[in-house]
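Using my numbering, the first residue of the sequence shown is number 1, and each one after it goes up by one.
Worth double-checking, as some hints may not be accurate.
Just the calculated beta-carbon pair ranges, DEER-fashion [as the list claims (entries may be wrong)]: (1) LEU104 x GLU30: 16 to 22 Å; (2) ARG179 x ARG133: 22 to 28 Å; (3) GLN164 x GLY225: 49 to 55 Å; (4) ALA153 x VAL43: 28 to 34 Å; (5) PRO211 x GLU30: 15 to 21 Å; (6) VAL210 x ASP186: 18 to 24 Å; (7) GLN218 x THR55: 19 to 25 Å.
To be clear, the hints were calculated from the coordinates, so they are not data collected in a lab.
Cβ atoms here follow ideal geometry from the backbone N, Cα and C, with glycine treated the same way.
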Amino acid sequence: MSAVGKGGGEEGRSGRSGAPARRPASGGREVPGTFGPKWGKPVGWVLSRTLWSVTRHGLDNVPADGPVLLASNHLGFLDGPLLMGMAPRGTHFLVKKEMFTGPLGVVLRGCGQIPVDRTGDRGALVTAVAVLRRGGSVGVFPEGTRGRGDVAAMQSGVTWLALQTGAPVVPVALLGTKRAGGSRTDLPRPRQPVHVVFGEPVSLTPRAGVPRRDALQQATEDLRGAMTAHVHAAVELTGMPLPDDVERPAGPGRS
1 MSAVGKGGGE EGRSGRSGAP ARRPASGGRE VPGTFGPKWG KPVGWVLSRT LWSVTRHGLD
61 NVPADGPVLL ASNHLGFLDG PLLMGMAPRG THFLVKKEMF TGPLGVVLRG CGQIPVDRTG
121 DRGALVTAVA VLRRGGSVGV FPEGTRGRGD VAAMQSGVTW LALQTGAPVV PVALLGTKRA
181 GGSRTDLPRP RQPVHVVFGE PVSLTPRAGV PRRDALQQAT EDLRGAMTAH VHAAVELTGM
241 PLPDDVERPA GPGRS
């Protein structure tokens with residue numbers, strides 16, 4: 001199976017919307033309505049189109065309707081807004097809860113994004129499950145934080161969501177959102193080329209006769225392999241490499 005898969009070119013598509021009303025998830029949190037990502041998407045699109053030279057690849061790999069998980073590598077500060085605007089469907093992203101403060105928090109909630117505590121937050125996962133079960137699209141950065149973007153540090157949350165709902169996982173490779181040598185909060189230079197590459201959907205199914213914890217670990221390794229292969233294929237496709245370094249926290253002997 002090709003990691004990049006079908007082309008699709010620069011064609012936008014929109015999926016069918018699910019239930020428009022907000023309702024509580026089984027974990028007690030409110031499930032975001034379907035309208036938020038629809039008005040948030042043009043905002044991300046305008047920013048991406050006016051400030052940077054963004055090319056999308058493999059749009060046909062994203063199902064036009066039904067539940068889907070968009071799982072992306074994570075390089076820089078731009079990744080979230082960029083993918084929100086460039087995804088062919090309105091998508092609810094899992095966003096670290098620290099971002100939901102002040103005016104930005106109002107915007108994120110208005111866009112239907114889901115706050116998550118990165119130290120462990122089953123409530124956010126339950127909310128994401130509810131979105132998927134109504135046929136929605138959920139976006140996840142499985143690495144949990146910005147880094148080199150090779151998906152080596154992928155965590156198991158996206159795998160758990162896929163196994164719980166049967167939603168296919170579309171690997172996404174973002175390239176050009178962080179400059180080599182730049183910090184994790186730097187933005188690309190104006191009009192710099194940026195690529196968003198959607199890969200072929202990956203279906204994960206529980207393995208019969210395997211304990212749940214082991215099945216989750218095995219499926220996570222399978223997905224990590226598929227996502228790593230997709231990132232490498234995207235680098236080959238676009239000719240744009242990953243950054244050469246990762247910002248490391250200051251410590252003894254470091255300035």
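Task: 22 to 28 Å as the expected CB spacing between ARG133 and ARG179, which holds or is violated - done: For ARG179 and ARG133 the Cβ distance comes to about 40 Å; the hint is violated.
- [ ] Using the beta carbons of GLN164 and GLY225, state whether their distance is inside 49 to 55 Å or not.
- [x] 21 Å, violated
- [ ] Just tell me: holds or violated, for the beta carbon distance of LEU104 and GLU30 against 16 to 22 Å?
- [x] Given range 16 to 22 Å: holds, Cβ gap about 19 Å.
TODO: Confirm or reject the claim that VAL210 and ASP186 have a C-beta distance inside 18 to 24 Å.
DONE: About 43 Å separates the Cβ atoms of VAL210 and ASP186, which means 18 to 24 Å is violated.
Open item on the list: Quick check: does the Cβ-Cβ distance between PRO211 and GLU30 fall within 15 to 21 Å?
Closed with: 33 Å, violated
Open item on the list: Between the beta carbons of GLN218 and THR55, is the distance compatible with 19 to 25 Å?
Closed with: 35 Å Cβ-Cβ, so the 19 to 25 Å window is violated.
- [ ] Given the hint of 28 to 34 Å, check if ALA153 and VAL43 actually sit that far apart at their C-beta atoms.
- [x] 29 Å, holds
Hint compliance for this structure: hints 2, 3, 5, 6, 7 are not met, and every other hint is.
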